[in-house]
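Enquirer: Whole structure, please, built from the sequences with the hints as guidance.
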Amino acid sequence: GDSVTQMEGPVTLSEEAFLTINCTYTATGYPSLFWYVQYPGEGLQLLLKATKADDKGSNKGFEATYRKETTSFHLEKGSVQVSDSAVYFCALSVSTGANSKLTFGKGITLSVRP
Amino acid sequence: DTGVSQNPRHKITKRGQNVTFRCDPISEHNRLYWYRQTLGQGPEFLTYFQNEAQLEKSRLLSDRFSAERPKGSFSTLEIQRTEQGDSAMYLCASSSTDREARETQYFGPGTRLLVL
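Chains L and V supply the protein sequences, listed in that same order.
Residues in the first sequence are numbered consecutively from 98, following the numbering used here.
Residues in the second sequence are numbered consecutively from 19, following the numbering used here.
It should be emphasised that the hints constitute simulated quantities derived from the structure, not laboratory data.
Just so you know, even glycine gets a beta-carbon here, dropped at the ideal spot from N, CA and C.
Treat the hints with care, since some could be wrong.
List time: in silico DSSO-like cross-link candidates among lysine-lysine, alpha-carbon distance up to 30 Å [claimed, not checked]: (1) V:K29 to L:K149; (2) L:K165 to L:K146; (3) L:K174 to L:K153; (4) V:K29 to V:K75; (5) V:K29 to L:K157; (6) V:K29 to V:K89; (7) L:K165 to L:K153; (8) V:K75 to L:K149; (9) L:K174 to L:K146; (10) L:K203 to V:K89; (11) V:K89 to V:K75; (12) L:K203 to L:K174; (13) V:K32 to L:K146.
With the C-beta cut set under 8 Å, the calculated list includes, among others, these residues of chain V facing chain L [claimed, not checked]: (14) G58; (15) Q59; (16) P88; (17) G90; (18) F92; (19) Q123; (20) F125.
Coverage of chain L stretches by chain V, computed from C-beta distances (three or more under 8 Å per stretch; other residues unrestricted) [said to hold, decoys possible]: (21) 174-182; (22) 196-208.
Expert: If you want it as structure tokens, here you go:
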């Protein structure tokens with residue numbers, strides 16, 4: 098079946114540090130890939146997505162590139178801010194008929210200290 | 019567009035009681051999903067509606083769980099004879115059938131259930 102593996106957390110960084118959060122996947126079909134973010138006390142929000150190989154999703158300074166050869170979708174940001182502290186989820190979707198259900202990784206907690 | 023809303027936000031119940039949660043999707047979205055999230059885990063798919071039709075149910079959805087979307091707008095998720103293992107965050111998401119947008123799901127804030 099489909100699955101998403103995220104690196105173990107939590108991750109603690111100082112402000113302006115470089116961020117990489119690893120994500121790899123296995124899928125029975127050709128998935129679309131997503132990063133969702135959950136800020137404290139809030140619901141899941143779509144951060145970025147990529148729908149085909151070599152596509153790069155980007156938003157709010159975050160980037161991730163769909164790498165089919167390594168089945169990966171690592172999240173990066175050049176300079177993190179305290180406001181980036183949140184839980185980050187990698188997810189995939191393989192459309193089967195009309196259903197585009199999401200399969201999520203376990204999530205990783207990022208804490209950014211001033 | 020006020021986003022996806024869920025009610026109640028929190029529910030505490032005793033084991034064996036029935037509970038019902040409501041989800042109001044974004045108005046023009048005809049796809050609706052329910053997920054369950056336990057502590058330290060990512061959300062897991064429960065069931066999916068397109069308009070009023072329930073098209074897929076996960077094996078996670080035991081016979082004690084039932085979901086409806088009677089008019090293709092809001093949806094309800096009922097859990098009968100709750101068990102402590104049902105304690106979790108129940109998330110609702112909606113998406114459009116527009117080809118470009120259909121893979122993007124918008125999530126509500128969730129209903130946190132605690133079964134004592």
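Enquirer: Does the structure break any of the earlier hints, and which numbers would those be?
Expert: Hint check: 1, 5, 10, 13, 16, 17, 18 and 21 fail, others pass.
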